[in-house]
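> On the provided structure of chain H, position chain P with the ligands as indicated by the hints.
Below, each chain spelled out in residue letters.
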Amino acid sequence: MTAHLVFDEPDKRNRLDAMAQEVVGRPIDRSEGALKVSGRAVYAAEQATSLWSEKRAECLYGVFVRATVPLGRVASLASGEARAVPGVLEVLQDPRLVRHPAQGMARKSPPQDLSEVTYFGQPLALVVAESFEAAREAARLVRVEYETSAEAELDPAQAPSELPEKKQSAQGDLEAALREAAVSLDASYSTPSMAAAAMEPHAALAWWEGDRVTLCGAYQMVSQNAEELADALGIAPGKVRVLSPFIGGGFGSKLGIAPEAVAAAVAARTLGRPVMVTLARQQEFEIAHRRSETGQRVRLALDADGRLTGIGHEARVSNLAGESFSEPVQQATHFTYRGENRQIRHEVARVNLTCAGSVRAPGEAVGVTIFEMALDELAEKAGLDPLELRLRNIPEEDPETDKPFTSHMLAEALRDGADRFGWSDRRAPGERRQGEWLLGMGMASAVRVNMLHKARVRVTLTGEGARVESSMTDIGTGTYTILTQIVAEMLGLAPDRVRTILGDTDLPEGSGSGGSIGAASNGSAAFLACEEIRRQIAAQMGCPEEELTLKDGRATCGNRTRDLAELVTEPLSAEGHFEPGKALKGVRSSTWGAHFAEVAVNEITGEVRVRRMLGVFAAGRILNEKTARSQCLGGMTFGIGMALMEEMVHDRRFGQVVSRDLANYHIPAHADVPALEVHFLEERDSYGGTLQAKGIGELGICGSGAAVINAIHNACGVRVRDLPATPDKVLEGLCALGR
Amino acid sequence: MKDFAYLRASSCDEATTEALEPATRFLGGGTNLLDLMKLGIETPARLLDVNRLDLGVIEELDGGLRIGATVRNSDLAADPRVRRSYPVLSRALLAGASGQLRNMATTAGNLLQRTRCPYFYDTDMACNKRTPGAGCSAIGGFTRYHAILGASDACIATHPSDMAVAMAALEAVVEIEAPGGARRHVHLADFHRLPGDTPHIETCLEPGDLITAVILPAPAGERQIYRKIRDRASYAFALVSVAAVVRMEEGRIATARLAFGGLAHKPWRDAEVEACLEGEPPSDDLFDRAADRLLQRAWGQGENDFKIPLTRRILTAALREATGGMA
Ligand SMILES: Cc1cc2nc3c(=O)[nH]c(=O)nc-3n(C[C@H](O)[C@H](O)[C@H](O)COP(=O)(O)OP(=O)(O)OC[C@H]3O[C@@H](n4cnc5c(N)ncnc54)[C@H](O)[C@@H]3O)c2cc1C
Ligand code: SF4
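For the record, the sequence lines run as chains H and P.
Here the first sequence stands for residues 1 to 739, numbered as in our numbering.
Here the second sequence stands for residues 740 to 1066, numbered as in our numbering.
Note that these hints are calculated values from the structure, not bench results.
Misleading hints may appear alongside valid ones.
Okay, the calculated bits of chain P under chain H, using three or more residues with CB under 8 Å as the criterion [unchecked claim]:
1. 783 to 789
2. 854 to 866
3. 874 to 880
Mimicking DMTMM-like on lysine to aspartate or glutamate, the simulated pairs with C-alpha atoms at most 25 Å apart in a straight line are [said to hold, decoys possible]:
4. P:Lys777 <-> H:Glu46
5. H:Lys12 <-> H:Glu314
6. H:Lys12 <-> H:Glu531
7. P:Lys741 <-> H:Glu81
8. H:Lys12 <-> H:Glu625
9. H:Lys36 <-> H:Asp496
10. P:Lys777 <-> H:Glu397
11. H:Lys403 <-> H:Glu509
12. P:Lys741 <-> H:Glu133
13. P:Lys777 <-> P:Asp788
14. P:Lys777 <-> H:Glu200
15. H:Lys239 <-> H:Asp504
16. H:Lys585 <-> H:Asp303
17. P:Lys741 <-> H:Glu397
18. P:Lys741 <-> H:Glu58
19. P:Lys777 <-> H:Glu130
20. H:Lys55 <-> H:Glu165
21. H:Lys729 <-> P:Glu1042
22. P:Lys777 <-> H:Asp661
23. H:Lys729 <-> P:Asp1031
24. H:Lys551 <-> H:Glu509
25. P:Lys777 <-> H:Glu133
26. H:Lys729 <-> P:Asp1027
27. H:Lys585 <-> H:Glu509
28. P:Lys741 <-> H:Asp661
29. H:Lys239 <-> H:Asp496
30. P:Lys741 <-> H:Glu145
31. P:Lys741 <-> H:Asp398
32. H:Lys729 <-> P:Asp788
33. H:Lys582 <-> H:Asp504
34. H:Lys403 <-> H:Glu133
35. H:Lys167 <-> H:Glu58
36. P:Lys777 <-> H:Asp496
Computed from the model, here is a short list of chain P residues facing chain H with C-beta under 10 Å [to be verified]:
37. Leu775
38. Leu778
39. Gly779
40. Gly802
Backbone N, C-alpha and C define an ideal beta-carbon position, used for all residues, glycine too.
Chain H with its partners taken away, still in its complex shape:
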């Protein structure tokens, strides 16, 4: 039985609020938490060792041979020395192998000629051996000669660029607005390339049974990935099964099918044995999608009342030639603040660097951050409190399309945050000091577009409890837990009586994890399935579904109560099928929030330490306060990294990634992250599917870095416009101020 809903109308019923179990929203522990902390959750790279015994003995290991030029053609590839390493079986060059991962939701994987080198570090061939160590050693011994006819483009600022027509927009006359403005700003900023740097590296194990291939890997969107893998292999999608039950962080880097998956499948076919391909940390930095560096220019015009009359936001990003993805820097600029005269310019440089793709909150992560830094500068010039500047410029409706907002919680988040944080204690730069440390406060708005995606989830109720099944993944975000909670709520069960099974393409097709779509989309599908099961129970009880109360394993209708255990003799099963429809067409849907940070800047060394941070967020119904909070903490931590340390460096002469391990690519260590405070605003957004919920996975990173950078200025008067604000840059500013 399928319960299908095309989401054409907002759902104002708030049905979850009327349910009796009262588990949705509660901060319950992750349902798979114990498995993870006790090492029983098997991650992709561990799959080989947990294979059943005869398969384990058979398993082979593959390691990529790496391109050592950024552009050229492979003239020869000599594998003699590599093949002589004991245990090496094959040096595989196959037209089906791919150079770089597919973009998220591609659902296809067109051939990529491996002998054509487009970036340094690109896979050229796969060495397959009896052990990982032998394969890795042999991969280094493959001798490659290249032919080069053109110069590689290694400098995103200088490389030839394109102006994709769809990504440009303008209304009114920005130049005139700037001329007439009481206060204006024209400032340029930059952010470096960044890596997702998920804890778990990419890994894939493949084996074939007849013409069917099974792939255990670390992927965010397994149903799409199965189609992509089938396309790469040239087989029917039905012949591919992808399993990703546990994923050690994705942040976008595991959205599309990646070289290791295709290589594992091809090698397993060729050699007739299971093959495991793992990326070493260094390759992780070279091959997984990077977040593009950005050059941004922000122009703002403000009238005498502190109202924005003009907004200009230019961005220059980069990617490999032919890639349609370009970091959507200005995604939120279109609608966050008022102003009649607006201009967006979006330029894509074509470079020979690691392929750029989605990394947590593509667009807003860097776009909102820079825009919010610019607003801080404007507020200073105008002599306005930065908080006040934002409050005066919240639009009534989308300023470009006039569409209404499904909800607009920015003002509330800003005010609530300012109160909680003690924003009124903020002083002028240089006024607060503790020894060598100057203290300051900064703030920024948080905005992230909200999306829904089609999703299917099957729920089966037996006398014992319920089973929830979908190909949806849990990349560490809490999906197992929230689906469990939704079903427990709808069917009146304790959460420990609901078992959720995810990450298997043999199950109904979930949305996958990415773009913060997971909770609301799959949650809505699970809700629909439960509604159907409730109807079946209600029919047995002889009452309308709306009058049915399910709680603690008992069904109540009027004055009759029965145990589900005796009522449900045959399993009741339904598949919920949620599809976004017309509801979201005429509206602007977004999540909102406000960031506040207090930092200390060392006056002597330029070092910055974040002292405290607060994020106030509104994202519709919060399904689990604990896992939602963790998402926000993670996002805010990314913001600290972006503001202060994260920088993926490519050598500008040779094109290789220089910072290619976690000692050189700095992400915040525990000591960099103070106690972070997260607060949610109570909200129901009727456009947030049947749950009135929106995505929360990316909001925390949108703007948090700006709060830190703005706080640096408030502490010591230094503006850093090129992220990250490492000690040398702050020091330069301090010296310039004569400190």
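Frame of chain H; chain P with the ligands shown alone:
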């Protein structure tokens, strides 16, 4: 990884003799060596584990301390005698790496850890340290972490240790046993070498030499300071670090021993700088002159130029603190 044999030495004598065999390496905590082996940068045929040797104790010696070569960094940092009499060493150790690494890392291994130059770490990049004569691909590349003092056209790498910087300021002595059993002592300041034309030769160790201990002379009531500037609050190598061990007498600087990390191919000490401070009453002027001397031959690569003003500032701050917080 290249296949290798694993052996366990049962005596220093056996260790030094066995180590004369080609392509043999001692194994301490393995936190550096094993990483380098996985990346194909070090390719020993034999690993000789020295952890079972009787070199794991800290003992008192002539009013000072003798620290066994296999004493773990965590144990050394936590030793009450070290914390009391050599706080600069304790602080330097705790400012390095992470808790897990320090639990494994040994005293000798820490001294001998190799540079973190990213080009050294990439076997597809030319590096004189890995392959003498191949060229240095760091020069002209990403040099944020590279040397500003004592570098050469052949190599601009820095030595990454924090511990060694503190030990240099404490005038520590490295105890070395050669094959045949002879023991000799080398001042820590003379233990590491500048790169010159031979950046692959990093210390004064000869084939087969085993570090058996590091000896700290008796403390003389100095003020000890360790400051490390880095790109994040923990788990990052120094951009610049300074160890200052200063004794005041009647308002004047009696002795000043200063060592710097992050600036050179070795923990950097400069006798002239120390001499210019000694006998003088502390003042910002004096500290400025000391910094002038220290940095007179400093030479940046562009991206690391900031280390020059940063060193000046951190030197002044450390000296102010060490000489009594005045200026
Ligand atoms: C991510 C990361 C971050 C780090 N951050 C820092 C930091 O901030 N500051 C810092 O100072 N360090 C840092 N370290 C380095 C760490 O301190 C060193 O790895 C460690 O001290 C090496 O000690 P070990 O005993 O493990 O050496 P090993 O790896 O065992 O050996 C290193 C070398 O010493 C030789 N050796 C070992 N024992 C002897 C002996 N008795 N006689 C002669 N030769 C011997 C070995 O043959 C080898 O060549 C970091 C390391 C990592 C991985
Ligand atoms: S600086 Fe030294 S270690 Fe680095 S590449 Fe040059 S020679 Fe090698």
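> Enumerate the violated hints, using their earlier numbering and listing them in ascending order.
1, 5, 10, 11, 16, 17, 20, 24, 29, 31, 32, 33, 34, 35, 36, 37 and 40
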